[in-house]
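Undergrad: So you can see what is in the structure, the chains are spelled out below.
Protein chains: 2
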Amino acid sequence: MNPQIVRFDYNNVMADVVGQHGLTEAEIEAALPHAAAAIEAVQGHRADLGWPELPYQNTSEIIELAQEVRARADTLVVLGIGGSALGPIATQTALQHPFYNQLPSELRRGPCLYVPDNADPELNAALLDVIDLERTVFNVITKSGTTAETMAAFLYFREALAKRVGEKGLAEHLVLTTDPRKGALRQIAERGGFKTLPIPANVGGRFSELTAVGLFPAAVTGIDINELLAGAAYADKRTQERDPRKNPAAMNALIQFLLDQKGKNMVVMMPYASRLRDVADWFRQLWAESLGKRINRAGDVVNVGPTPIKALGVTDQHSQVQLYAEGPFDKVFNFLFVDQFMLEAPLTNPYSDINETTYLDGKSFEQLIKAEGAATQLALTEAGRPNVAHHFPAVNAYTLGQYYYMLEMQTAIAGELYNINAFDQPGVEAGKVATYALMGREGYDERRQEIEAARGRHNDDYVI
Amino acid sequence: MNPQIVRFDYNNVMADVVGQHGLTEAEIEAALPHAAAAIEAVQGHRADLGWPELPYQNTSEIIELAQEVRARADTLVVLGIGGSALGPIATQTALQHPFYNQLPSELRRGPCLYVPDNADPELNAALLDVIDLERTVFNVITKSGTTAETMAAFLYFREALAKRVGEKGLAEHLVLTTDPRKGALRQIAERGGFKTLPIPANVGGRFSELTAVGLFPAAVTGIDINELLAGAAYADKRTQERDPRKNPAAMNALIQFLLDQKGKNMVVMMPYASRLRDVADWFRQLWAESLGKRINRAGDVVNVGPTPIKALGVTDQHSQVQLYAEGPFDKVFNFLFVDQFMLEAPLTNPYSDINETTYLDGKSFEQLIKAEGAATQLALTEAGRPNVAHHFPAVNAYTLGQYYYMLEMQTAIAGELYNINAFDQPGVEAGKVATYALMGREGYDERRQEIEAARGRHNDDYVI
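Chains A and W are the protein sequences, given in the same order.
The first sequence begins at 1 in my numbering and counts up one residue at a time.
The second sequence begins at 1 in my numbering and counts up one residue at a time.
Hints were generated in silico from the structure; no laboratory data involved.
Think of the CB as a built atom: it goes at the ideal place given N, C-alpha and C, for glycine as much as any other residue.
Mixed in with the good hints there might be a few duds.
What the hints assert, rightly or not - Below, in silico cross-link-like pairs of lysine-lysine (DSS-like), each with a Cα-Cα straight-line distance of 27 Å or less:
no., chain 1, residue 1, chain 2, residue 2
1, A, K262, A, K310
2, W, K182, A, K310
3, W, K363, A, K262
4, W, K262, A, K262
5, A, K432, W, K363
6, A, K168, W, K363
7, A, K310, W, K262
8, A, K182, A, K432
9, W, K182, W, K363
10, W, K432, A, K310
11, A, K310, A, K168
12, W, K262, A, K182
13, W, K310, A, K432
14, W, K310, W, K432
Unchecked claim - Going by beta-carbon spacing under 7 Å, a handful of chain W positions derived as facing chain A:
no., residue
15, S60
16, V321
17, A379
18, H458
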C-alpha cells in the first residue's frame with residue numbers, strides 16, 4: 001500500500017453505525033448509478049474544463065521566475081481575493097513554518113509572504129509599515145483583470161512603489177498573473193513591460209490553485225510545486241476510477257449530496273492539525289460558490305447548495321462541539337486527520353502528584369491532538385451525527401496536492417448530482433453592479449438612483 | 001445623539017422589505033411579551049450570573065500587573081483555548097495594528113502577543129523558534145484549572161522555560177488566570193509562588209472576556225481596558241431597557257429566534273472590516289455553545305441551536321456570497337459596518353483611460369469597502385434574504401466593549417426564548433471522557449475497552 005495516499009473513510013455515515021440520520025447500504029446502492037454517470041460526465045469534459053489537466057503542465061516558466069524573485073526579494077505580497085488568495089494562503093499555512101513571517105531570515109527558506117486579501121483601508125495601509133518596498137515584489141492576481149479589490153490594491157501599492165523606486169523601477173517589483181489575452185491587467189502589463197504569468201482561459205478562479213495563481217507564490221517561498229502536481233496527478237488517477245465505490249471524490253460527493261437531501265444542509269470541515277486550517281477556507285469557496293445555485297440545468301428554480309463551515313480541531317471543541325453534539329441534526333462532518341506530525345512535542349509533568357494532570361506526564365502534544373480527534377469523532381458518532389474522515393499519512397506537498405485535486409473532482413461530481421452548473425457564479429453579479437453604482441462608475445446612474453430611493457424608504461423605528 | 005453608539009438596524013428583516021422570508025409586524029408584535037419576559041428573567045438573575053456586573057469591577061490589580069509585565073517582557077504568550085483565547089484574540093485584532101507582531105518594537109505600544117490556541121505539536125514547538133524565553137511572559141488561562149490543552153501547553157512551555165531560566169526564575173515568567181480557589185492550576189500557583197489573577201467563580205468561559213481573561217492581555221499590549229468596560233457599562237444601560245423595541249439585545253435575540261423557527265438555521269456574522277474579523281469568531285462560541293442544547297428546561301429533548309457562521313466582508317463576497325444570494329433560504333445575516341475607518345487609503349489611477357478601472361481614480365479603499373458592504377446588503381435583501389446591521393461609528397475600545405456586552409446579553413435573552421440553559425455545556429463531556437480514555441487516564445479503562453471494541457467493528461469496505 002502506498003503510504004502517501006490520503007484515505008477516505010465513510011464508516012460513520014452508515015446507519016448501522018450512526019443511526020437514523022445516516023445512510024443505509026440500500027440508499028447508497030440505489031444512488032450509485034447516479035454517481036457513476038456523474039463521474040463519466042466530468043471525465044468526458046476534461047479538456048473543456050481545463051483544470052483536470054493541470055497536474056501535467058510544464059512548470060519551468062513559473063520556477064524560473066520564482067527563482068529570480070527569491071534571489072532579489074525579502075518579501076512577496078500577493079494581491080488577490082477569493083480564488084486568487086485562498087489557495088496561496090492554504091498552501092503556505094500547510095507547508096511552511098507556523099510563524100513563517102516572524103522567523104529570522106536564516107531559518108526561512110525564502111521571502112516573507114503577505115496576502116492582505118481585503119479591500120480594507122487600514123489593513124492595506126498597515127502593510128506598508130512592515131515591508132521594505134525596495135525589497136518587495138507584488139504578485140497581482142486576477143483572472144478577469146478587473147476585480148475591483150485587486151485592482152484597487154494594485155493601484156494603491158503601485159503608487160507607493162513608484163514613489164520609492166520610480167516609474168522605471170516598477171517592472172522589477174511586479175508580477176501580474178492574469179488571463180493570457182484579455183482584461184485591463186493584461187493591457188497594463190503590456191503598457192508597462194511588466195512580467196506576467198498566465199491563468200488558462202478556461203480555468204475559473206476557484207479551480208485555479210494548481211495554475212500559476214497558487215504555484216508561483218508557493219515556488220517563491222521554496223515549496224516543491226512539482227510535488228504538489230505529482231500528488232494531484234495521483235489523485236487524478238484515483239478519481240478517474242469509474243466505480244464510485246473505489247473513487248473517493250465520487251463517494252464523498254454522493255454522501256454529501258444524499259445527506260443534504262435528508263436535511264443536513266451544512267458540511268463542517270474540521271481538520272485536526274493547525275496546518276490544514278486554511279485548506280478548510282479554500283474548500284469553503286470551492287463548495288459554496290460551485291454548488292450554491294438558484295437555477296438548475298433544466299432552468300428550474302431550485303435554490304440549492306449545502307453550506308460549508310470551517311472548524312478547527314481541537315480548538316473548536318471549545319467553541320462549536322457543544323452545538324455539533326446536541327443541536328439539530330443538520331450537519332455532516334468531514335474530519336481531516338494526520339497520522340504523523342513532523343514532531344511529537346513531548347510533555348513532562350513535575351506536578352504529576354496533582355490528580356487532574358497526572359495522565360499528561362510522559363505523553364506528547366501529538367498523542368493529545370490525535371486522541372482528541374478520535375474522541376470527538378467517536379462522541380459525534382455516538383450522538384448520531386454522520387461523519388467521514390480524510391486521513392493524511394503526513395502533511396506534505398504530495399498529500400496536499402492530492403487533496404486539492406480530490407476536492408475539486410468531488411465538487412465537479414457533486415455539481416452533476418445536483419444537476420447544476422458548478423462553474424459559474426451568476427449570484428455575485430447584483431452586488432458588483434450595486435458596488436459600481438455606489439462608486440459612481442459611468443453607466444450605472446440609474447441603479448444609483450434606485451438605491452438612493454430605496455434608502456429613502458428606510459424606517460427609523462427599526463433602528464435602535 | 002451619542003456618536004459612539006453601536007446602532008442596530010433591522011429594517012431588512014421586515015417582510016415588506018425582504019419578502020416572504022422576513023417577519024411581519026404582526027409576528028414581531030405577537031412575540032414582544034415573550035421578549036419582555038426574557039429581559040426580565042435575565043435582569044432578575046444579574047447577581048447569580050456574575051458577568052452582567054463585570055463593567056463595574058475595579059481594574060487596578062490587572063493594570064498594575066500588566067504594567068509590570070510591559071516593563072520587563074518583549075512577548076506575552078497566552079496559553080488558553082475556547083473562551084480563554086477567542087476574547088483575547090478578538091480584542092487584539094480589533095484594536096491593535098493589523099501586523100502588530102511584525103512591527104519594529106518602537107512602533108508597537110507593548111510586547112508582542114501570541115495565542116497558540118491549539119494542542120498542535122508543530123504549532124507549539126514552532127513558537128519557540130520566534131520568541132526569546134528570557135523576555136517572555138506566559139499567561140496561562142483556564143477557569144477550571146484542568147483544561148487538557150491548556151495544561152499540556154503549560155507543561156510544555158514550563159519545561160522549556162525551566163531549562164532556560166531555572167526553576168527559581170519561573171515566577172518572573174508566569175501569570176496564571178484561574179478560579180480564585182479551586183483547580184489544579186490554583187494548586188500549582190500556590191506551590192510555585194506564581195502570580196495569579198482570578199476569574200470570578202460564577203462566570204463561565206464564554207462570558208469571561210471582560211474578566212482578567214480578556215482584560216489582562218489587552219492591558220499588557222497597551223489597550224485601555226477601562227474604556228472597554230465603559231463601553232460595556234453603556235451597553236448594560238441600553239440593554240436593561242424593558243421595552244424590547246428599545247433594547248437592541250432583546251430585539252436581535254427575538255429576530256434570530258423567530259427566523260430560526262422559520263427554517264433559517266444559520267446566522268452569518270459578516271463584518272465589513274478586517275479588524276472585526278475575530279469578533280465573529282468570539283461570537284461563534286458564545287452563540288453556539290450557549291444555544292446548542294439537547295434538552296430544554298422542562299427536560300424535553302429539543303435538539304435546538306442556530307449555527308453561527310463567520311464570514312468576512314469583502315473577502316467572502318468572493319467565496320460565500322454566491323451561495324448566500326442563490327442558495328436555500330436557510331440563513332439570517334448580521335452585517336457589521338464601520339462608519340469611519342482610521343484612514344482612507346486613497347487611490348490614484350495612472351491607467352484611468354482603461355475603461356474598466358476608470359471609476360477607481362480619486363476614490364479610496366474606505367469608499368470601496370463601504371460601497372461593497374452596502375451593495376452586498378442590498379443584493380441579499382433584494383434576493384429575499386433577511387438581514388440586520390450593526391453600525392459601529394468607529395472601532396475602538398468603547399464601541400468594542402459595548403458590542404461584546406450587547407452580544408452577551410443578546411445570547412442570554414435568546415437562551416430564555418429557547419427555554420434552555422444558556423450557561424452549561426453538557427455536550428462536550430462525552431468527548432472529554434473519550435479523550436481521557438485514549439490518553440490512558442486512570443479510572444477510564446472501561447471506556448477505553450469500549451472504544452477499542454468499536455474500532456474492531458470498523459468495515460474496511462468503507463475506506464477508499
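Undergrad: Confirm or reject each hint.
TA: Comparing the hints with the structure gives:
no.	hint	verdict
1	A/K262 with A/K310	holds (21 Å)
2	W/K182 with A/K310	violated (35 Å)
3	W/K363 with A/K262	violated (48 Å)
4	W/K262 with A/K262	holds (18 Å)
5	A/K432 with W/K363	holds (16 Å)
6	A/K168 with W/K363	holds (25 Å)
7	A/K310 with W/K262	holds (25 Å)
8	A/K182 with A/K432	holds (20 Å)
9	W/K182 with W/K363	violated (57 Å)
10	W/K432 with A/K310	holds (22 Å)
11	A/K310 with A/K168	violated (44 Å)
12	W/K262 with A/K182	violated (46 Å)
13	W/K310 with A/K432	holds (22 Å)
14	W/K310 with W/K432	holds (26 Å)
15	S60	violated (30 Å)
16	V321	holds (5 Å)
17	A379	holds (4 Å)
18	H458	holds (6 Å)
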